[in-house]
Amino acid sequence: MATETTTTRDARRPVLTRLLRDRRARFALPVLATVAVAAVASPLLGDRSAATDTDRLLTGPSARHLLGTDELGRDVLARIVDGAAVTLAVATVAVGLALVLGTLLGLVAGYRGGWIDALLMRTVDGLLAFPLLVLALTVVAALGPGLRNALIAIAVVATPRFARVVRGEVLSLRTREWVSAAHIVGVPTPALLRRHLLPHLAGTLGVFAALQASTAIIAEASLSFLGLGVQPPQPSWGAMVAAGTDHLDASWSLSVFPGLAILLTIAAFNLLADALRDAFDAHRPDLTPGR
Amino acid sequence: MIGYLVRRLAQLIPVLFVVSVVLFLLLRLLPGDPTTEILGQEASAADRAALRADLGLDTPLWRQFLDWIGGVLTGDLGRSWLTDEPVAGVIVDRLPATVELGLIALLLAVLIGIPAGVLAAVRRRTATDSALTGLGVLALSTPHFYLAALLILVFAIWLRVVPPSGYVPFTEDPAGNLVRMVLPAITVGSTVVAVVLRQTRGSLLAALGEDYIRTAEATGLRRRRIVTVYALRNALVPVVTVTALQIGALMSATVVTETIFTLPGMGTLIVNGIFSRDLPVVQGAVLVVVTFVLLVNLVTDLVYAWLDPRITY
Amino acid sequence: MDTPSVHPALLSRRALLGGTVGALAAVSLAACGSDSGTAGGKGRGGTLTVGFDNEPTTLDPALSSAISSDRNVLNLFYDTLLRQDRDGSFVPALADRWTEDGRTVTFTLREGVTFHDGTPFDAEAAAFNLRRVIDPATRSTKAAALKNVGSVDVVDARTLRLTLKASDPLLLIHLAHEPGMMASPTAVKAGDYGRKPVGTGPFVFDAWRSKVQLTGKRNPTYWRRATDGSALPRLEQVVFRFVTDTKVLRAEVTTGGVQLVRTLPPEEFNQLAGDKQITMTDTGVRRSYYVALNVTRAPFNDPKVRAAFAMAIDREGVGKAAAGGQYDLAPSFATAKDWFYDPSITPPALDPAGAKTALGGTPVPITVVARRRAPDPTIAELLQSQLTAAGFAPKVEVLEAQTQLDRMRKQDFDAALLVIDIPRLDPSLSFDPYFSSRGSNNWSGLADSTLDRLLDTAAASEDRAVRKQAYVEVQKRIVDENYWVFLHQPKSPLIHSAKLSGIVLDVDGQWRLDEAALAS
Amino acid sequence: MPLLSVEHLTVTFNPDSRPVPAVTGVDLHVDAGETLAVVGESGSGKTVTALSVLGLTPRPPACRTTGTIRLGDTDLTSLDARGWRSVRGRRVAMVFQDPSTALNPLLTLGTQIADAIRAHEPVGRAAARERALAALELARLPQPGTRLEQYPHQLSGGMRQRAAIALALAAGPQLLIADEPTTALDVAVQAEILDMLDTLRRDLGMGLILITHDLGTVATHADRVAVMYAGRVVETGPTGQVLGDPRMPYTRALLAATPRLDAPARQRLVAIGGHPPDLAVAAPGCAFAPRCPVALDVCRDERPALRPHAPDQLAACHHPEAPLPGPVAAEHDPTSAGEPTGEPVAEFDEVVLHYPVRRGLLRRVVDRVRAVDGVSLRLWPGRTLALVGESGSGKTSLTRTLLRLERPTGGTVSYSGIDVTRPDREQLRRLQREVQVVFQNPYASLDPRMTVAQILAEPLRVHRLDASRTELVRLLEQVGLDAAALDRHPAAFSGGQRQRIAIARALGPRPRLIVCDEAVSALDVSIQAQVLNLLADLQREHDLSYLFITHDLAVVRSVAHDIAVMRHGRIVEHGPAERIYGSPTHEYTRLLLEMAPGHPTQAPSGRTAAWSR
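Protein chains in written order, with the UniProt record's numbering: chain A, 1 to 291; chain X, 1 to 313; chain G, 1 to 520; chain B, 1 to 613.
If you are wondering where the hints come from, they were derived from the structure by calculation, not from laboratory data. What you are looking at is a predicted structure, and each value in this text was computed from that prediction instead of being measured. Ideal Cβ placement from N, Cα and C applies to all residues, glycine included. It is possible that some hints are incorrect.
[Unchecked claim] Listed next, with one range per pair, are the computed distances between beta-carbon atoms: (1) Asp302/G to Leu25/X: 57 to 65 Å; (2) Arg18/A to Asp487/B: 33 to 41 Å; (3) Thr126/X to His153/B: 58 to 66 Å; (4) Thr126/X to Thr68/B: 28 to 36 Å; (5) Gly46/A to Gly360/G: 20 to 28 Å; (6) Leu171/A to Ala491/B: 21 to 29 Å.
[What the hints assert, rightly or not] Beyond 12 Å from chain B on every Cβ pair, some chain X residues (computed): (7) Pro14; (8) Leu150; (9) Leu205; (10) Ala216; (11) Ile226; (12) Leu302; (13) Pro309.
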């Protein structure tokens, strides 16, 4: 529908413009773009990241290995590029899954209210009272380690957070007059949720998703640190830093570079969240990141 | 107020029930035979079967759950499968380190996070503000295990100003205790300080834009008093929320931090318990942590009422 | 073994370390040997703090499950009827003397020894302990060690007689270790014994805070004297601090936070080389990494595929990457110092191309299970890379210990990476559980009558020549059939402060600290 | 020498990037003991002018202020931060519009007022407390002693405003600026507050600047008036002179557009067309020219200066003598006469709506808030029922039952024979189509993420009606907007335009009844008149019924056929508009009428001579 397209573009333009003018976004977006490009382009490198060389262990940066080699003689740069895929997966798939599920639950709980709300929110309260890492750790330990299960665990952990934020937002949105007007004129509930509530959650969800992405990346890294994250030979930044800390004094570069990659990416998400928040002009205390 | 308190406590019951069920079932999903850890890898199959029966692992799941929850309700958290110690005793033994870690981290958050946040807000859009908010983002973006490793490397290995590990109870050797808690506390506290800093800055700026600040300015009050009394107090309400929300996050941080610094706290208790399949210990410890987090939420709501006279229960 | 491209820093460290090990070997021998007279003039008293990575779950020797590391702690509190020296010979301890007569062994007990709680040590007490291990109701993890003991009889207060069901060449060895450790019957009956041990040993149990530390205080009435007649033990107190992170452990050694550590991985102890405050001695203790192949199912039921696996593995590469070059290569669990060692046994040479040809072109999918504990995942990763290059399609699963062992017991794996500490008290303890068709840890699912016969021969004989012959045959068979592929043996030197002396080691390298002393 | 004199005050926001001249070349003066009213619609620069007198405009570079402001012999513009602090509160004080946000919610009144005193005088705690008590007494807060310990939320709106005034008076200022001090308050309270300010000014000899958009307030409370439009003073002079013989067409139009109780009922207001200019767009000529019915070419090219017309009366107009199409042009609505006929469109029958109050451990219902307590009303086809009452009277709750946003606790609500609480499928569709709503807040009633086209199309699509562009354009044209609006978002429109869009949306499904919930309260007077006229036109055209909720009797005078006055959940008086306005029977109705600004009975100082007819 022609009008639809013009609107969405029109509606987002001010946010986008404000975002692009923001110093923090100007830092964050290129960093995240680089991560995305690396993740997508990594297959082009072939198995460079998997090739071990026991004659060239823990070498520092050199012309041949720009960022040095790791404890198995693999090229650190190639592994960082490869590891971007994991980070991207965590930030998109796990957070995306949580976003969809959490939004759905939050919408239902917030709009329907009543016992559904009570049941969902008690469950959410319970899940949120678990320390994030303990819950994620247990889920991964139960399902077995690996990327897919780590993603599921992170999604499980993040879903109630989204649900709570969305519910809160819906509770305040549903009293808006335009929602009442739509209700009065008989707009069916699903359409009402989709047309009148969801678009208004976009800002909150965008900010919150960016924050959750940073939380999720830290969670994945921590899981990997404890050995339950992505399994070898697939490189993950978190596991690389963890491995690197074992060799900190033998090769400073081993943990420093993946650590920097992870730090920059998380910082990018945090700054993007800040910039988005300002662009959407929403000052909300419950959007501060929590781990 | 009392009624509110009792009602909130009553509301905890369904939440805790959900928590217990989730916790119990999740842990039963863990693969691997717990008897392996207890008897060693060269134990015979018969010995392991006998031990499984001893531990009640051959009864149906619902039965095991009822046994456990029945014990919990009568104040008996069971015994460790691995060391046969009473779980409650183990937890009491492990609490001080974690509580101390959390308290120091919170103290840092209050002593550093709030003043820094105020400074950043007051000096908005200056180099000070940029530096403080930048540091905040940096602290938020550094994984705990990375920070911990770097701190150990620099302060314990290179500079040798603090011992790299070990835990001495505060009651036995206060100085020795504190010197060993510095690095872990900084590790755990880094995020909380950053979160509090950012929240203080944000909500103080929001408060400074309120009408009542303009009113206060129009009466000729000093800027200092306006910021510290008229704006900060209002700004603290969300800061308290966010800080309270950090309690749960703090527990996650302690899991990693205690592991690296080998502190005998709840974090290591839970993680080691999961890895060694010592499920009664994990169940008990997580239940205690979760209950604590829920109680903190409750206390937070009470603190609101104290901070904000508009709220009455 | 070194190639010129090795990192110079590593090379120099290794060179330094080699020198240190050589120089200290003599000191170590002096300390470990029977002549400890020189220790008399050394410092008395003081607190020894030990960094220990493997906290016991119980201090009840009858229930202890760790193969040997618990003994480092148990030796503080317990004595046995007899001791086994580093060279394998037996010397009196709580028993003054003993006689073997066919199927009976009679011990004459030392007089005037009491447990820490004042309970006298007599034949009743000794019988109580041995019967307790044998009694199925105790569910002692050591019951199998005394399986040949038919009855334990108290002849008189000082005389104890064991009647055997069958002759058992290993009985004395076992009695010299956990199964023979003497605990106070009074304390055992009092309950919760595992956390409140009471023995006759050089140190009295003081306190045990899980995951933090365990303390023992000097036993002022210890029966044992140094060769110069001076009282033992010399230390006032021993503190075991439980630290699992090897980096932290190394830092503690460096900063003097602990004066003795149980073990450090090569990448850590490599960095201690050159530190004058620290003594490192290669005492011959090794850890032996191996890959067990599951012969009960395809593809490793095919000897050709097993051979291909063996050809695919670059053991030196594994050693370099996982042990910082501080390793030996050996054909089996044997170390070069062991009496059953035979250097002529050689596994297939590294030949990835040959392996690939043997496998016939299509990648052979296999599942490798490994344990989540450094450096095992790293080794697994390296194996994965080497196997891939040799025509396998390996999938590595890094698992918790229980999960891994579960899978292995169910034979739900193709290749399993594991490690054991060597040497053990006796080769039968290393080989039987893993290679006998009845073995509790017969991971490969072997049912090889040749092996069974050889193992039985070796276990039944007391003649070392016969036994050596049998064990060499055993090793040959394992290597020829490629049931297992033995990887590298990382060194595990004894690491302690230069101020500490007088550590006596068990046959398998565990400490006795009664003669240890700290120079002020 | 005047107490305050402002000369050539110009305040520009974002001077360096996208300059917005909020105030341009304003000259004002106030003498001690005098009330100057500054009148203007929103965005005219009156508040910014006031804030600059306190030095509270944003700091550079966000804002640049030029010109001089003299208070007594002090040149305020030359003050540093410290100097400003000594002026604020001590010499000039300000009372803000909304007392619910102007006081710090977390501090007691005592603390806030004592702070204001101690900021200027080195007095001890106890002395400051005494002075705070005195200030509260001055502002006529009942039981001032207990008030000291109270927090703002514990007071009613009117009391809060008194507390805010006490805060402003605490340090004894010479000049008090009151910025729309009564806009957020109920009518009855409004008058009390204004009277109190009058008294205080007189008793304390203060200068008072009264900022307001309400000409009625000006007429009854100001000595002199300055009318502002688009950041400039366009007419100024003695109140009687300016209101009685306005020279600037804007002032005149404003007067004509203001709903008045003394105007004939259901008489069309004279609206000012168009809407105020965008200050960011610099245009030559008179800012009012585009809306001015008598504008000449010169008005568009050359900005008129303030020129004297009568003693002390200045106006900025090129031809102040031009005859305006005056208020007489209002036409009488012929349909207003007569009694309701036919079947009622909707009926409230003994409607009760209680909200439970739960307390205690088991959340037992211990009490009920009787929001609506037995109300019976009928709405007739083609007629407007104005439901009048103050905030909290239950009028909105009552209409929510009709809109199915709330279920009545008792009684029945029916629409055209349909029981609104349990309609069947078909009846529900009818209700959804035939009963529409226009809400108060034009900023919240339109989904900001949708285009106008989508907003208008939605109800039509739901009811499978023609949602073509042509139809949407037709709807827009009905409310005086054109096709260009279709693809824009609500944010692109002014409040009045948004309210028109909301009306267009309501008209879409061709309803029979439209509920107007304070539909014009948030609009400026000139726009209010436009919208009221529009509603009246549409009613005639489509034979609509309106349920018009308002707190202001004057506003609905031009549209209401019937009036129901509601208080504490009950109807206290109900009848034809003419009768209610003419001879109210209930005491409360009389009170409402008397208290309404500009009511003929309020003529304390003869100032209103020009106002009353």
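Each hint tested on the structure:
no.: 1; hint: Asp302/G to Leu25/X: 57 to 65 Å; in the structure: violated (42 Å)
no.: 2; hint: Arg18/A to Asp487/B: 33 to 41 Å; in the structure: violated (22 Å)
no.: 3; hint: Thr126/X to His153/B: 58 to 66 Å; in the structure: violated (36 Å)
no.: 4; hint: Thr126/X to Thr68/B: 28 to 36 Å; in the structure: holds (31 Å)
no.: 5; hint: Gly46/A to Gly360/G: 20 to 28 Å; in the structure: holds (25 Å)
no.: 6; hint: Leu171/A to Ala491/B: 21 to 29 Å; in the structure: holds (24 Å)
no.: 7; hint: Pro14; in the structure: holds (15 Å)
no.: 8; hint: Leu150; in the structure: holds (41 Å)
no.: 9; hint: Leu205; in the structure: holds (14 Å)
no.: 10; hint: Ala216; in the structure: violated (7 Å)
no.: 11; hint: Ile226; in the structure: violated (9 Å)
no.: 12; hint: Leu302; in the structure: holds (16 Å)
no.: 13; hint: Pro309; in the structure: violated (5 Å)
Of the numbered hints stated above, those contradicted by the structure are hints 1, 2, 3, 10, 11 and 13, listed in ascending order.
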